[in-house]
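Respectively, the protein sequence lines represent chains H and U. When the letters of the first sequence are read in order and numbered with our numbering, they come out as residues 1 to 139. When the letters of the second sequence are read in order and numbered with our numbering, they come out as residues 140 to 273.
These are computed hints drawn from the structure, not numbers from a lab. All C-beta atoms, glycine included, are put in the ideal place defined by N, C-alpha and C. Be a bit skeptical, because a hint or two may be false.
[Stated by the list, open to error] Ranges of calculated distance between the beta carbons of each label pair, as one might list FRET restraints:
hint : chain 1 : residue 1 : chain 2 : residue 2 : range
1    : U       : 178       : H       : 89        : 43 to 51 Å
2    : U       : 190       : H       : 129       : 21 to 29 Å
3    : H       : 138       : U       : 235       : 27 to 35 Å
[Unchecked claim] Stretch by stretch, here's where chain H covers chain U in the computed footprint (C-beta under 8 Å, at least three residues):
hint : stretch
4    : 140 to 152
5    : 190 to 196
[Stated by the list, open to error] To give an idea of the interface, some chain H residues facing chain U are shown, with a C-beta separation under 7 Å as derived from the structure:
hint : residue
6    : 1
7    : 95
8    : 97
9    : 100
10   : 132
11   : 134
12   : 135
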Amino acid sequence: MAMLLTRKAEFCASHVCSSPRLSEAENRALFGAAANPNGHGHNYVLEVTIEGETNPVTGMVFDLRELKEVIQNEIVEPMDHRFLNREVPPFDRVVPTTENIAIEIWRRLQPRIDRAGVNLRNVRLYETADLYVDYGGEP
Amino acid sequence: MKLTRRYRFAASHRLDVPALGAEENRRLFGKCNNPYGHGHDYILDVTVEGQPDEFGQIVSREAMDSLVRERILQRLDHKNLNMDVAELARRVPTTENLAQTIREMLETGWPLQARLAKVRVAETDRNIFELEIG
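Full structure from sequences and hints, please.
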């Protein structure tokens with residue numbers, strides 16, 4: 001029987017939501033205050049859910065120390081206290097909306113987590129307590 | 140991909156089904172049957188599902204907020220759900236019925252590209268109702 005396991009992490013980062021294909025006024029209309037060219041920040045909260053069978057010997061789906069390290073190395077270390085647009089690829093060319101950050105987190109985590117009997121199931125990213133996205137790897 | 144946005148509104152209500160009679164209503168609804176009503180700070184989570192567009196959004200926050208503000212918050216915030224909301228006039232304003240009513244108020248003439256995927260209403264921290272829309 002498959003079990004779901006969720007691990008939580010936080011990182012604080014700044015970003016600008018604007019597209020070089022749009023004028024300043026268009027960006028302002030589309031992204032509102034988030035288009036401020038000098039940036040602003042959030043305390044992002046990440047919930048990583050993986051799915052797998054409980055190992056009958058260890059009683060675990062996934063080693064939590066390993067999961068913590070993977071999230072730390074792939075996400076928190078590179079993104080925490082960073083200006084996403086300037087310091088964290090691909091956000092120099094991809095607008096760092098909550099949707100796109102969740103997709104990038106999935107892209108970074110999936111190869112480190114997926115293995116026989118274990119799959120990354122969902123990435124939930126809270127930008128604020130009032131806005132979050134869920135991404136399950138759909139194309 | 141799904142995006143969920145949280146909204147809040149404060150409203151009063153009374154749970155009472157006239158056809159059942161006073162005693163049965165008191166038994167069924169307890170304190171919620173108080174004739175003078177009572178209120179809650181409701182928390183509404185609206186979830187939409189879609190593909191991010193070329194600017195990385197499955198929905199414009201402004202479009203979604205305006206929709207919920209106009210159709211729900213302006214109609215329900217600081218209102219008496221039994222007396223002030225026509226859509227609830229013939230329904231007991233339990234949170235189950237409130238969630239269903241909010242779904243209908245949003246779904247009729249839904250103008251956004253992303254589809255409505257879920258309505259979640261918390262009456263208090265301890266009573267939460269979710270309506271998944273398939």
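Status of each hint after checking the structure:
The hinted range of 43 to 51 Å is satisfied by residue 178 of chain U and residue 89 of chain H, whose Cβ atoms lie roughly 50 Å apart. For residue 190 of chain U and residue 129 of chain H, the Cβ-Cβ distance of about 25 Å falls inside the hinted range of 21 to 29 Å, so the restraint holds. Judged by the Cβ atoms, the range 27 to 35 Å given for residue 138 of chain H and residue 235 of chain U holds: they are separated by roughly 30 Å. For a cut-off of 8 Å, the count of residues in the stretch 140 to 152 of chain U with a CB near a CB of chain H stands at 7, and the three-residue condition holds.
Counting residues of the stretch 190 to 196 of chain U whose C-beta lies closer than 8 Å to any C-beta of chain H gives 5; at least three are required, and the coverage claim holds. Interface hint at residue 1 of chain H: violated, since its Cβ lies 22 Å from the closest Cβ of chain U, which is beyond the 7 Å cut-off. Of the supplied interface hints, the one on residue 95 of chain H holds, with its beta-carbon coming within about 4 Å of a beta-carbon of chain U, less than 7 Å. Nearest Cβ of chain U to the Cβ of residue 97 of chain H: about 4 Å, under the 7 Å cut. The hint holds.
A least Cβ separation of about 4 Å between residue 100 of chain H and chain U falls short of the 7 Å threshold, and the interface hint therefore holds. The beta carbon of residue 132 of chain H is positioned within 7 Å of a beta carbon in chain U (closest approach about 5 Å), and the interface hint is therefore held. Checking residue 134 of chain H against chain U by beta carbon gives a least distance of about 4 Å; that is within 7 Å, so the hint holds. Checking residue 135 of chain H against chain U: minimum C-beta separation of about 5 Å stays under 7 Å; hint holds.
The structure shown violates just one earlier hint, number 6.
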